[in-house]
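Protein chains in written order, with our numbering: chain A, 28 to 290; chain G, 28 to 290; chain Z, 28 to 290.
Everything labelled a hint here was simulated from the structure, so no lab data went into it.
One or more of the hints may lead you astray.
The list makes no distinction among identical chains, and a pair is therefore deemed to hold if it is satisfied within one copy or across any two copies.
[Stated by the list, open to error] Calculated lysine-lysine pairs in the DSBU-like style (CA-CA distance at most 30 Å, straight line):
id, residue 1, residue 2
1, K142, K241
2, K54, K130
3, K251, K103
4, K268, K193
5, K290, K82
6, K268, K283
7, K167, K82
8, K103, K167
9, K54, K223
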Amino acid sequence: MIAFITDWGEDSYYVSSVKSVIKNINKNAEIIDITHNMGKYDIYSYSHILLRASKEFQENTIFLVVIDPTVGSSRKAILVETNQPKYYFIAPDNGILTQVKRKYGINKIIELNNKNYFWKESNTFHGRDIFGAFAAYLSKNINFKYFGNELLKINELNIKNPFYNKNNIIGHFLYKDSFGNLETDVENNNTFNFDKHSSYVISFEGKEYPLNYKEYYSECGDDKLLMHFDSSNYLEISIYKGSAASYLNIKNFNTKFEIKKIK
Amino acid sequence: MIAFITDWGEDSYYVSSVKSVIKNINKNAEIIDITHNMGKYDIYSYSHILLRASKEFQENTIFLVVIDPTVGSSRKAILVETNQPKYYFIAPDNGILTQVKRKYGINKIIELNNKNYFWKESNTFHGRDIFGAFAAYLSKNINFKYFGNELLKINELNIKNPFYNKNNIIGHFLYKDSFGNLETDVENNNTFNFDKHSSYVISFEGKEYPLNYKEYYSECGDDKLLMHFDSSNYLEISIYKGSAASYLNIKNFNTKFEIKKIK
Amino acid sequence: MIAFITDWGEDSYYVSSVKSVIKNINKNAEIIDITHNMGKYDIYSYSHILLRASKEFQENTIFLVVIDPTVGSSRKAILVETNQPKYYFIAPDNGILTQVKRKYGINKIIELNNKNYFWKESNTFHGRDIFGAFAAYLSKNINFKYFGNELLKINELNIKNPFYNKNNIIGHFLYKDSFGNLETDVENNNTFNFDKHSSYVISFEGKEYPLNYKEYYSECGDDKLLMHFDSSNYLEISIYKGSAASYLNIKNFNTKFEIKKIK
Chain A
28 MIAFITDWGE DSYYVSSVKS VIKNINKNAE IIDITHNMGK YDIYSYSHIL
78 LRASKEFQEN TIFLVVIDPT VGSSRKAILV ETNQPKYYFI APDNGILTQV
128 KRKYGINKII ELNNKNYFWK ESNTFHGRDI FGAFAAYLSK NINFKYFGNE
178 LLKINELNIK NPFYNKNNII GHFLYKDSFG NLETDVENNN TFNFDKHSSY
228 VISFEGKEYP LNYKEYYSEC GDDKLLMHFD SSNYLEISIY KGSAASYLNI
278 KNFNTKFEIK KIK
Chain G
28 MIAFITDWGE DSYYVSSVKS VIKNINKNAE IIDITHNMGK YDIYSYSHIL
78 LRASKEFQEN TIFLVVIDPT VGSSRKAILV ETNQPKYYFI APDNGILTQV
128 KRKYGINKII ELNNKNYFWK ESNTFHGRDI FGAFAAYLSK NINFKYFGNE
178 LLKINELNIK NPFYNKNNII GHFLYKDSFG NLETDVENNN TFNFDKHSSY
228 VISFEGKEYP LNYKEYYSEC GDDKLLMHFD SSNYLEISIY KGSAASYLNI
278 KNFNTKFEIK KIK
Chain Z
28 MIAFITDWGE DSYYVSSVKS VIKNINKNAE IIDITHNMGK YDIYSYSHIL
78 LRASKEFQEN TIFLVVIDPT VGSSRKAILV ETNQPKYYFI APDNGILTQV
128 KRKYGINKII ELNNKNYFWK ESNTFHGRDI FGAFAAYLSK NINFKYFGNE
178 LLKINELNIK NPFYNKNNII GHFLYKDSFG NLETDVENNN TFNFDKHSSY
228 VISFEGKEYP LNYKEYYSEC GDDKLLMHFD SSNYLEISIY KGSAASYLNI
278 KNFNTKFEIK KIK
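Using the sequences plus the hints, can you model the full thing?
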């Protein structure tokens with residue numbers, strides 16, 4: 028199984044070019060699109076997104092990750108085998124695998140530089156010619172030791188962990204989903220003591236808004252800001268039948284926020 | 028075959044999470060996406076959309092329907108086996124199956140509450156953990172009698188049927204397609220007596236517009252409002268190379284309209 | 028393998044209707060979506076897009092091409108077998124195959140008029156009932172000689188070839204990709220003598236802009252207009268981390284442009 032994520036959008040034929048090459052190399056390859064349509068977040072956000080999306084997949088899934096704003100620079104193409112669970116990530120070595128490494132651990136890193144496995148040598152379509160081609164060969168069970176030389180470490184982003192105690196959180200907005208819900212880096216570890224009957228405020232960039240804690244979107248009135256833990260167990264800021272991203276006028280992501288109980 | 032429809036958009040990874048779980052449960056499952064991108068219509072519109080989209084599929088297709096604005100409320104998750112043709116619908120019991128029931132009839136209703144088949148117990152991702160999981164087990168030919176207890180009826184929406192005679196129609200706008208064509212609930216039953224050389228008016232919400240009857244989009248001038256029966260044999264209001272939805276400034280759907288012959 | 032392209036958008040269920048019919052006819056058919064989301068370009072642009080997208084696919088691929096603005100008119104539905112490589116194109120005979128013919132050559136043309144292979148006879152959904160159905164039968168290895176009578180030529184668009192010498196180009200903007208990069212009809216044939224240290228201007232519609240030649244997007248500053256040859260070896264006009272289409276205010280495509288070296 029190849030799980031495929033890019034930031035290309037599906038309003039071009041590039042995604043199909045990669046799939047075609049994969050099928051050329053391994054006609055039995057099975058491909059699930061994670062998404063190609065989340066847009067132009069930076070690799071900080073995508074590092075989190077990739078971690079979350081990957082969690083649903085089976086062991087031995089090959090993640091084909093083409094979030095590559097510095098394509099053509101000297102950044103390497105790499106294969107990473109993770110530890111627990113055992114997954115394979117084929118990606119540029121630009122920091123995109125930072126969160127995956129922190130969560131799963133890394134067994135092995137290979138630089139994808141054996142040109143015998145390249146599809147073509149092109150200046151700008153590494154997604155097809157390098158990443159896609161190696162994913163296809165790996166899905167055919169070609170041993171990755173032939174793909175290139177081993178590396179000892181990957182490039183990592185300086186991602187700050189969120190901080191929290193019983194009644195306070197310092198976290199970061201990562202991205203919004205198609206409903207305008209704001210996704211954060213705050214995972215529920217059961218130290219929180221939120222309750223439905225208390226009042227909270229969220230503050231960021233000098234602004235402050237009241238919000239409530241709810242278990243479901245629909246428990247709140249239509250226009251009320253609410254926080255809850257989403258199906259992946261991360262804190263989400265939402266408005267039932269509305270867009271929290273618009274309401275809070277969030278333009279940039281990786282913005283720090285603080286949540287405090289006020290009574 | 029699992030035919031999958033949601034209103035989530037493809038600008039998030041949620042659709043892939045469901046597919047991944049389906050493939051975990053049944054690696055041979057075949058999935059066709061009906062659409063995830065039609066947007067935030069209400070369940071009245073989606074009840075019609077689901078009926079139309081379903082018509083093209085083969086007997087025994089499993090429809091995985093996650094149009095679920097009240098997720099987390101007490102609405103049930105259900106499996107419905109229809110009568111003619113025999114299809115399986117896995118959906119929330121929120122009225123979304125109203126039109127399917129009227130057209131196909133219902134053989135059997137099961138409440139999907141046997142937690143042995145749940146993927147996880149999550150508060151807000153029933154699409155993956157309940158609907159997706161049961162669709163996958165059904166696609167493996169697990170007998171649905173194990174999925175939960177039988178119910179005697181589904182919740183139905185109060186959907187008004189359109190009215191028509193030879194020269195008049197009272198119907199409802201249901202949704203627009205990507206061209207801005209307005210889709211309606213008026214099915215051609217050959218009682219209509221429209222002709223290309225007569226003049227008609229359409230009125231709704233106190234406004235009135237002239238329109239013509241044509242067989243093809245391209246028979247009309249570029250800016251003229253036209254009505255015709257679409258490929259599914261429903262009345263459609265269109266503008267050739269234009270957007271009827273913009274021209275008529277349609278913001279809300281399920282709006283009643285009336286069409287009259289004037290000469 | 029069926030490679031499927033339309034201009035319908037994925038915000039309706041029409042694409043799934045075609046896939047469902049294909050699977051009805053040939054349950055083993057494999058379908059890759061080229062794209063359905065590039066929007067409403069004219070058939071000049073799509074003729075180029077189809078050529079480019081097709082290049083990545085294997086011999087014997089069946090291209091199901093439903094770019095059909097004059098559906099319902101007297102334009103024919105055709106199957107074209109190309110020469111080198113051998114591909115099959117199932118498309119309306121409206122000129123969409125002009126560039127494919129010029130590049131690959133044509134072996135055989137069949138008019139798809141044997142109604143035994145139609146799915147339904149509908150006025151407006153030829154994509155499903157004619158094009159989709161014949162693609163499915165061809166993917167089952169039904170000999171296309173049964174599909175209809177042979178034709179001697181296809182309709183061709185009057186597409187002007189670009190002109191160029193060492194330091195000058197006259198070409199056409201064809202479409203933009205999701206990044207706002209402008210794609211052109213100018214293929215690199217190694218007669219160009221561009222270099223990174225010279226200065227160029229691009230002019231069109233009475234306007235003129237400076238631009239540079241680069242190998243990679245990221246070699247330029249963020250706001251600078253640049254030209255380079257893309258992964259398909261066509262000239263592309265771009266802005267690193269920006270939209271050249273917005274910057275140049277390109278509204279219409281098939282616009283002629285000229286590039287000159289100035290020092």
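Could you place K268 and K193 in one of the four classes (within, between, both, neither) given a Cα distance threshold of 30 Å? Answer is within; shortest intra-copy Cα gap is 29 Å, inter-copy 41 Å.
For K103 and K167, with the copy left unspecified, which applies at a CA distance of at most 30 Å: within, between, both, or neither? within (23 Å within a copy, 42 Å between copies)
Could you place K167 and K82 in one of the four classes (within, between, both, neither) given a Cα distance threshold of 30 Å? Both. Shortest intra-copy (23 Å) and inter-copy (23 Å) distances satisfy the 30 Å Cα cut-off.
My question is about K290 and K82: at a cut-off of 30 Å on alpha-carbon distance, are they close within one copy, between copies, both, or neither? neither (36 Å within a copy, 55 Å between copies)
Can you tell me if K54 and K223 fall within 30 Å by alpha carbon in one copy, between copies, both or neither? neither (53 Å within a copy, 41 Å between copies)
For K268 and K283, with the copy left unspecified, which applies at a CA distance of at most 30 Å: within, between, both, or neither? both (25 Å within a copy, 24 Å between copies)
If the cut is 30 Å between Cα atoms, do K54 and K130 qualify within a copy, between copies, both or neither? Cα proximity of K54 and K130: across copies only (26 Å, versus 33 Å in one copy).
Tell me, please, which holds for K142 and K241 at an alpha-carbon limit of 30 Å: within, between, both or neither? Between copies, since 24 Å is at most 30 Å while 54 Å is not.
How do K251 and K103 come out at 30 Å by Cα distance, when the copy is not named: within, between, both, or neither? Between copies only: 26 Å across, 46 Å inside.
Hint compliance for this structure: hints 5 and 9 are not met, and every other hint is.
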